[in-house]
Amino acid sequence: MDATVVYNIPHQQGLQVFIAIYFYLTGLSAGSFVISVVAYLLGKTEYKPLGKIGAFLAPILLVIAPILLITDLGKPMRFFYLFFNVNPTSPLTWGTFLLTIYPISCLIYLYYVLKGNQKMIKTFGIIGIPLAISVHGYTGFVLALAKFSPIWNNSLMPLLWLISAMVSGIGLVIFVAIVMEKVFSVSLAKFAGEMSTETSTGKMLAETAASSTGVMPLNEMLGGVGKYLAGFIIFDLFLVFSEILVLLTESEEAAALAASLLTGDYSFLFLGLEILLGALIPLFLLLHPRTSRSLAAQTVAAVLVLIGVMTMRYIVIIGGQSVPFN
Amino acid sequence: MSKGEVRYGMVIDLRRCVGCHACSVACKSENDVPLGVFRSWVKQVEKGSYPNVRKHFLPSLCNHCEKPICVRNCPTTASYRREDGVVLIDYDKCIGCGYCIASCPYQVRFINPLRGTAEKCTFCQHRIDNGVVPSCVNTCNGRARVFGDLNDPNSEIAKLIATQPVQVLKADSGTEPRVYYINPDAGAMKGGYGPDSKVHLERGRNWSLSTTEKGRE
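Just so you know, the sequences run in chain order V and D. In this text, residue positions in the first sequence follow numbering that gives the first Met the number 0: the first is 0, and each later residue adds one. In this text, residue positions in the second sequence follow numbering that gives the first Met the number 0: the first is 0, and each later residue adds one.
Treat the hints as calculated values from the structure; they're not laboratory data. Just so you know, even glycine gets a beta-carbon here, dropped at the ideal spot from N, CA and C. Do not rely on the hints blindly, as some may be mistaken.
What the hints assert, rightly or not - Some chain D residues judged to face chain V by a derived CB distance under 7 Å, without partners named:
{"no.": "1", "residue": "Phe37"}
{"no.": "2", "residue": "Lys42"}
{"no.": "3", "residue": "Gln43"}
{"no.": "4", "residue": "Ile68"}
{"no.": "5", "residue": "Thr75"}
{"no.": "6", "residue": "Thr76"}
{"no.": "7", "residue": "Tyr98"}
{"no.": "8", "residue": "Ile100"}
{"no.": "9", "residue": "Gln106"}
{"no.": "10", "residue": "Gly115"}
{"no.": "11", "residue": "Thr121"}
{"no.": "12", "residue": "Gly190"}
{"no.": "13", "residue": "Gly191"}
{"no.": "14", "residue": "Tyr192"}
{"no.": "15", "residue": "Arg202"}
As the list claims (entries may be wrong) - When the alpha-carbon atoms are kept at most 30 Å apart in a straight line, the in silico DSSO-like pairs for lysine-lysine are as follows:
{"no.": "16", "chain 1": "D", "residue 1": "Lys189", "chain 2": "D", "residue 2": "Lys92"}
{"no.": "17", "chain 1": "D", "residue 1": "Lys66", "chain 2": "D", "residue 2": "Lys158"}
{"no.": "18", "chain 1": "V", "residue 1": "Lys74", "chain 2": "D", "residue 2": "Lys158"}
{"no.": "19", "chain 1": "V", "residue 1": "Lys74", "chain 2": "D", "residue 2": "Lys27"}
{"no.": "20", "chain 1": "D", "residue 1": "Lys169", "chain 2": "D", "residue 2": "Lys92"}
{"no.": "21", "chain 1": "V", "residue 1": "Lys226", "chain 2": "V", "residue 2": "Lys121"}
{"no.": "22", "chain 1": "V", "residue 1": "Lys181", "chain 2": "V", "residue 2": "Lys226"}
{"no.": "23", "chain 1": "V", "residue 1": "Lys74", "chain 2": "D", "residue 2": "Lys46"}
{"no.": "24", "chain 1": "D", "residue 1": "Lys46", "chain 2": "D", "residue 2": "Lys27"}
Construct the entire structure; sequences and hints are all you get.
This is the structure we're talking about:
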């Protein structure tokens, strides 16, 4: 026998839109940092331009992110309490210190990238990778340890969060590389070189520089990175698939949530934006032999991936609170 | 629960609840709870069709859990659990991050729109410290709410729990709530919207009110 709820009070959202955007930004930062380090550490000179872009993006994004966090507080002027009243069991406390250390390590890394000091790049790259993973991984635990919504409170969340961060990070680096070369006519080959100043040079210069330093043309380079991006998208899709499948059978509330994602209020955002536009179409563009080497297709794929991951953050944070739990 | 210590708890005997919402009103007035938010409320469900119809009620409040997730997750240690089991918030330490709202499986917490800090039922801490029962218990005209020391075998609440079948909400959350229900309805215990309640509101601060209302805190 169904019971109709005649009266219940409205409850407040725990995490709001700013938090979703914040998670997105830390994901972008961590993702681009990891790419940067991989480009430098694997010694693949042809990916160095991307490595440099990543080194620039990581600290910039991480400066914006905490501003969002602080403005979201009920008492913004009290944010420094986080440093003095420490609760070691709270993931937010872990985040407080990670968010302090990580941008500093990013800036030191960027300094040595600009200096071109290979040894120090390696040192701070190796220090930075676990920091980058934890600075985004902790946000996964923020959700996994909160009991509000069944879509958060599961052990898949931190991994899903990290993989989608890699997806968005690679997407952003590809997008910025294309914009720099095509819109602002910055020669990436020169940008990656030992000279640290950003000089705008013509395409001719870029090509001569490319031939002299052995940097491959942009579309070839991005095609190679695109393969990695495709791999992460597939992994991400698999994680989302397993999450939804388990949600459907986990509990009554979880099933209601899964139904809202698949057929209800969030079906357009979830199936349309996140899965189709944000994952399947980029996957096709990156893997199909006719489009994988085309700059236009790579641009579209990068933008779609960025939109897709933001949608995914929004759906998990806001959509996760959209069905009644009490 | 070791012997000799005070452990406060509440039993809500739904055989005696008439759904008058007096506890919600008493709580609002006792604790000066702002408009739009509630520390204690009565959820109401309807079952069946005429002539076999019945309303069921579920008075809700903070469960003052033995293992509170809000306390575990609070980043500034503003949420804490007292020796006697009452879970409280230090309003001078709270930064209003909202993570405790996200952590609580019972959704009893909210950000006070005037103060900007998290808030919830305190078992009327100011009253029980002076030997008086909480306001909702005091006002309940059916005597459905019983408050007392769970560790004292002679207290009314301990006798009720010992002799009656009791239930807690969302026992699978592993929080060990200290608010027990006698005779709750399954339909009322599971999640549900009311007809005109959008369940999850954006929390925000009412900055225009905060200056004028500050003096009353």
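Okay, the hints, checked on the actual structure:
The beta carbon of phenylalanine 37/D is positioned within 7 Å of a beta carbon in chain V (closest approach about 5 Å), and the interface hint is therefore held. Evaluation of the lysine 42/D hint against chain V yields a held restraint, the C-beta minimum of about 5 Å falling below 7 Å. Here the hint on glutamine 43/D is kept, as its CB sits about 4 Å from the closest CB of chain V, short of 7 Å. A hinted interface residue such as isoleucine 68/D counts as satisfied when its beta carbon comes closer than 7 Å to some beta carbon of chain V; here the least separation is about 5 Å, so the hint holds.
The closest approach between the C-beta of threonine 75/D and any C-beta of chain V is roughly 4 Å, which is under the 7 Å cut-off, so the hint is satisfied. Checking threonine 76/D against chain V by beta carbon gives a least distance of about 5 Å; that is within 7 Å, so the hint holds. Taking 7 Å as the C-beta cut-off, the interface hint given for tyrosine 98/D holds, the closest approach to chain V being about 6 Å. Checking isoleucine 100/D against chain V: minimum C-beta separation of about 4 Å stays under 7 Å; hint holds.
A least Cβ separation of about 4 Å between glutamine 106/D and chain V falls short of the 7 Å threshold, and the interface hint therefore holds. A distance limit of 7 Å between C-beta atoms decides the matter here; for glycine 115/D the minimum to chain V is near 4 Å, and the interface restraint holds. Here the hint on threonine 121/D is broken, as its CB sits about 18 Å from the closest CB of chain V, past 7 Å. The beta carbon of glycine 190/D is positioned within 7 Å of a beta carbon in chain V (closest approach about 4 Å), and the interface hint is therefore held.
Hint on glycine 191/D holds. Least Cβ distance to chain V is approximately 4 Å, under the 7 Å limit. Satisfaction of the interface hint for tyrosine 192/D is found here, the shortest Cβ-Cβ separation to chain V being roughly 5 Å, below the 7 Å cut-off. With its C-beta approaching chain V no nearer than about 4 Å, arginine 202/D sits inside the 7 Å limit, and its interface hint holds. Between lysine 189/D and lysine 92/D the CA atoms are separated by roughly 33 Å; this puts the pair beyond 30 Å, and the hint is violated.
In summary, the hint linking lysine 66/D to lysine 158/D is supported, as the alpha carbons are separated by about 23 Å, within the 30 Å threshold. Of the supplied pair hints, the one linking lysine 74/V and lysine 158/D is violated, its CA atoms being roughly 44 Å apart against a limit of 30 Å. Restraint check for lysine 74/V and lysine 27/D: the C-alpha separation of about 23 Å stays at or below 30 Å, so the hint holds. With a C-alpha separation of about 29 Å, the suggested pairing of lysine 169/D with lysine 92/D holds against the 30 Å cut-off.
Note on lysine 226/V and lysine 121/V: the hinted pairing holds, with a Cα-Cα distance of about 24 Å set against a maximum of 30 Å. For a cut-off of 30 Å, the pair hint linking lysine 181/V to lysine 226/V stands: about 22 Å separates their Cα positions. The suggested pairing of lysine 74/V with lysine 46/D is violated, with an alpha-carbon distance near 43 Å, which exceeds 30 Å. Taken as a hint, the lysine 46/D and lysine 27/D pair is honoured in the structure, with Cα atoms around 29 Å apart against an allowance of 30 Å.
When the structure is compared with the earlier hints, violations turn up for hints 11, 16, 18, 23 and for no others.
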